[in-house]
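Could you slot chain A with the ligands onto chain V? The hints should help.
Top to bottom, those sequences are chains V and A.
Numbering of the first sequence is given in our numbering, commencing with residue 1 and proceeding in unit increments.
Numbering of the second sequence is given in our numbering, commencing with residue 1 and proceeding in unit increments.
There's no promise every hint is true.
[As the list claims (entries may be wrong)] Listed below are the simulated DSBU-like cross-link pairs for lysine-lysine, each with C-alpha atoms no more than 35 Å apart in a straight line:
(1) V/Lys6 <-> A/Lys367
(2) A/Lys255 <-> A/Lys281
(3) A/Lys367 <-> A/Lys281
(4) V/Lys12 <-> V/Lys80
(5) V/Lys5 <-> A/Lys205
(6) V/Lys5 <-> A/Lys281
(7) V/Lys12 <-> A/Lys281
(8) A/Lys266 <-> A/Lys215
(9) A/Lys215 <-> A/Lys84
(10) A/Lys48 <-> A/Lys258
(11) V/Lys91 <-> A/Lys367
(12) V/Lys126 <-> V/Lys80
(13) A/Lys274 <-> V/Lys5
(14) V/Lys12 <-> A/Lys87
(15) A/Lys274 <-> V/Lys6
(16) V/Lys15 <-> A/Lys367
(17) A/Lys228 <-> A/Lys18
(18) V/Lys57 <-> A/Lys281
Read the hints as simulated data drawn from the structure, not as lab findings.
Okay, here's what each chain looks like letter by letter:
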Amino acid sequence: MQYSKKVMDLYKNPKNVGTFDENDANVGTSVVGAPSCGDVIKLQIKVDENGCISDAKFKAFGCGAAIASSALITDWVRGKNLDDAKQIKNKEVADYLSLPPVKLHCSVLAEEAVSKAIENYKSKQKKTEE
Amino acid sequence: MIYMDYQATTPCDPRVLKEMLPYFCEIYGNPHSSTHAMGEEAATAIEKARKQVANIIGTVDTKEIIFTSGATEANNLAIQGIAKFYKERGNRIITSEIEHPCVKETCRALAREGFDVVFVPVSDNGIIDLDFLSKSLTDKTILASIMTVNNEIGTIQPIDEIGKLCREHGVIFHTDAAQAIGKIPVNTENVDLMSISGHKIYGPKGIGALYIKGKSRLRLAPLFHGGKQERGMRSGTLPTPLCVGLGIACEIAQKEMKEEFERLLKFKNYFLKKIFDNLPKVYLNGDKEKRIPGCINLSFDGVEGEGIMLGMNDICVSSGSACSSQTLEPSYVLQAISIREDLAHSSLRIGFGRFTTMEEVDYVASKIIEVVNRLRSMSPIWEGQ
Ligand SMILES: Cc1ncc(COP(=O)(O)O)c(C=O)c1O
Ligand code: FES
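Bound-form chain V, shown alone (with noise of 0.2 Å):
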C-alpha cells in the first residue's frame, strides 16, 4: 500500500496512544469495528467542567490508515466543544492524510469512534444528573 508522508509519519510516531479510567465520569469511551473484521479503535475523550475535550486517547487494531485515522483525529477533537467535535467529518481525515479509495472505510471508523465517544460521555452525565 502507498501511503503518504503523513500517514507514515502518525503511523510510526503516533500520538495520543493509551488509554483513561473508563468508570471516570469525565471520560466518554468507544469500541468500533470487530477483530472479525480486522479492524477495532477504541477511542476515549476527557471532558472538562466547561464542556470542551481536554484530552483524547486511542488504541487501533488495523491497517496503518486506521493508526494514522485514529491519531489525527484524537489531535484534532482536543480543545473543541462536544458539538464542534462532532462536527469533524471523516472526509476532512482521509483529505488530510490523502488516503487511498480503499482505505476511506478507515476514516469512517476514526469518525465513528469519536462521536460514540461523546454519546458514551454524555450518557453517563445523564445518568450521574439522574
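Okay, now just chain A with the ligands, sitting in the frame of chain V:
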C-alpha cells in the same frame, strides 16, 4: 530491500537469463519453421527444454509436455479442456477449497455452465479431507483437481493417495504443482495432468507447462484455435527464449533441490524458534510437518497484518488480512482452515528461497518481533494480555 515473498514469484536466476539471451536477437527463427536452419536451431533448443521439464517430474516422454504461458493457462487448459471434451461422460468436477484462484475460478465458471463442482474441504491443518474426497467420487465424476503444495500456507497434499483413489474410480486427476516443483520431489506416477510455472522456480514470467500423461490417452478441448502447435492443444508460436528459460530453470532446480531443501529447513527452524521464543501467542498456520520449509505463514494475535508490513518497509512479505486485499476479504485459504477470524487478519506469509541468507532470516525475525511488540502495545484487543 529484503525479498521474502518467494511464493508470489522468484527472481530470474542469472544462469537462466544467460541461456535465454541468444534466443532473442540471434537465434530468432520460428521454431515451427522446419524448412530452414534458423527454425531448426530454435526447435532443437525447445526440444532440449522440453526434456529438462520432463526430467524434473520424472518422465521420459517429452511428448507429454506442452508449453503454456504459465500455470494459470495450464490449469485452465487442463480443467476446461477435460471438462469440455468429456462432458458426455459425466458432469461432476472435484476440487479443493484452497486451490489457487486460477483453479477455483475456472471451476466456478464451469459450475455456472452447469457442471456439478464439489469443493472438498481441508482439515484445520490445511490437508485435504480424504474421506470427503473419496465419498465425492461418483461415476458421474470426470475430473479431480487438487494442488500439490498450497501457495499461502505451504502444506503438501497426499497426491499419490489422491491419484490412486481417482484411478480406482476412473476419474482423471490433475494437480497444480506450481509451488511444488523444485522444492519437493514430484513425479507423475499417479497423476494424469500436472501444471508447472516458470517464475516460481527462478525462470522467466510468462511461461509454464502442462504435463499430459500419454498412457491415459487424454484428449483436451483447446483454449486457443490456430496453427495447431503443441499437437493442436495449444496453438501459437512458442516463445523460444522463455521455453529455454523454463528448461534450464528446471534443470538447476532439480540439481540443487536436495541441498536447497536442507538449507531452507535450517532457516525455517531458526526463524520459528526465534519468533516463538520472543513473542507469545503466535500461531503457525498449516500442518507442522507436511509443509515445504520455504513458506511460513504465521498469525500474530492482537495485531493486523498490513499494520505489521507497514512497520517493515524494507522487507517484502505478504498478508492474508482483509486490509491488505483490494476486496477487503480475508484470505479464503485461512478461512478454510478455520482459524479464528481475527487471526486471519493477523497473518503474515514469509517466504524463503534461493537467494535468502541467514543474515536476512535473522534480521527479519528481529524486525517482526520489534514491530509486533510495538503494535501490540497500542492494540485494543491485546489490552490486558
Ligand atoms: C499454486 C499456484 N498455481 C498457479 C499460479 C499461477 O501461476 P502463473 O503466474 O504461472 O500463471 C500460482 C502463482 O501465482 C500458484 O501459486
Ligand atoms: S483497518 Fe482494515 S483497511 Fe484499514
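Against the structure, the hints:
Distance hint between V/Lys6 and A/Lys367 is fulfilled; the C-alpha atoms sit about 22 Å from each other, no more than 35 Å. Annotation: proposed proximity of A/Lys255 to A/Lys281 is violated, straight-line Cα distance about 39 Å (limit 35 Å). Using a Cα cut-off of 35 Å, the hinted pair A/Lys367 and A/Lys281 holds, with the two alpha carbons roughly 17 Å apart. The straight-line distance between the Cα atoms of V/Lys12 and V/Lys80 is roughly 26 Å, inside the 35 Å bound, and the hint therefore holds.
In summary, the hint linking V/Lys5 to A/Lys205 is supported, as the alpha carbons are separated by about 33 Å, within the 35 Å threshold. Annotation: proposed proximity of V/Lys5 to A/Lys281 holds, straight-line Cα distance about 32 Å (limit 35 Å). A threshold of 35 Å between alpha carbons decides the hint, and for V/Lys12 with A/Lys281 the separation of about 24 Å falls inside it, so the pair holds. At roughly 40 Å between alpha-carbon atoms, A/Lys266 and A/Lys215 are farther apart than 35 Å, so this suggested pair is violated.
Only pairs whose Cα atoms come within 35 Å are accepted, and A/Lys215 paired with A/Lys84 is accepted, the gap being roughly 20 Å. Of the pairs offered as hints, the one joining A/Lys48 and A/Lys258 holds, with about 23 Å between alpha carbons and a cut-off of 35 Å not exceeded. Taken as a hint, the V/Lys91 and A/Lys367 pair is honoured in the structure, with Cα atoms around 34 Å apart against an allowance of 35 Å. A C-alpha spacing of about 21 Å is found between V/Lys126 and V/Lys80, which places the hinted pair at or below 35 Å, so the restraint holds.
For the suggested pair A/Lys274 and V/Lys5, the alpha carbons sit about 32 Å apart, so the restraint of at most 35 Å is met. A hinted pair counts as satisfied when its Cα atoms are at most 35 Å apart, and V/Lys12 with A/Lys87 does not qualify at roughly 57 Å. Among the hinted pairs, A/Lys274 with V/Lys6 is consistent with the structure: their alpha-carbon atoms are about 33 Å apart, no more than 35 Å. Restraint check for V/Lys15 and A/Lys367: the C-alpha separation of about 22 Å stays at or below 35 Å, so the hint holds.
The straight-line distance between the Cα atoms of A/Lys228 and A/Lys18 is roughly 30 Å, inside the 35 Å bound, and the hint therefore holds. Under the criterion of a C-alpha separation no larger than 35 Å, the hint pairing V/Lys57 with A/Lys281 is consistent with the structure, at around 26 Å.
Violated hints for the displayed structure, listed by number in ascending order: 2, 8, 14.
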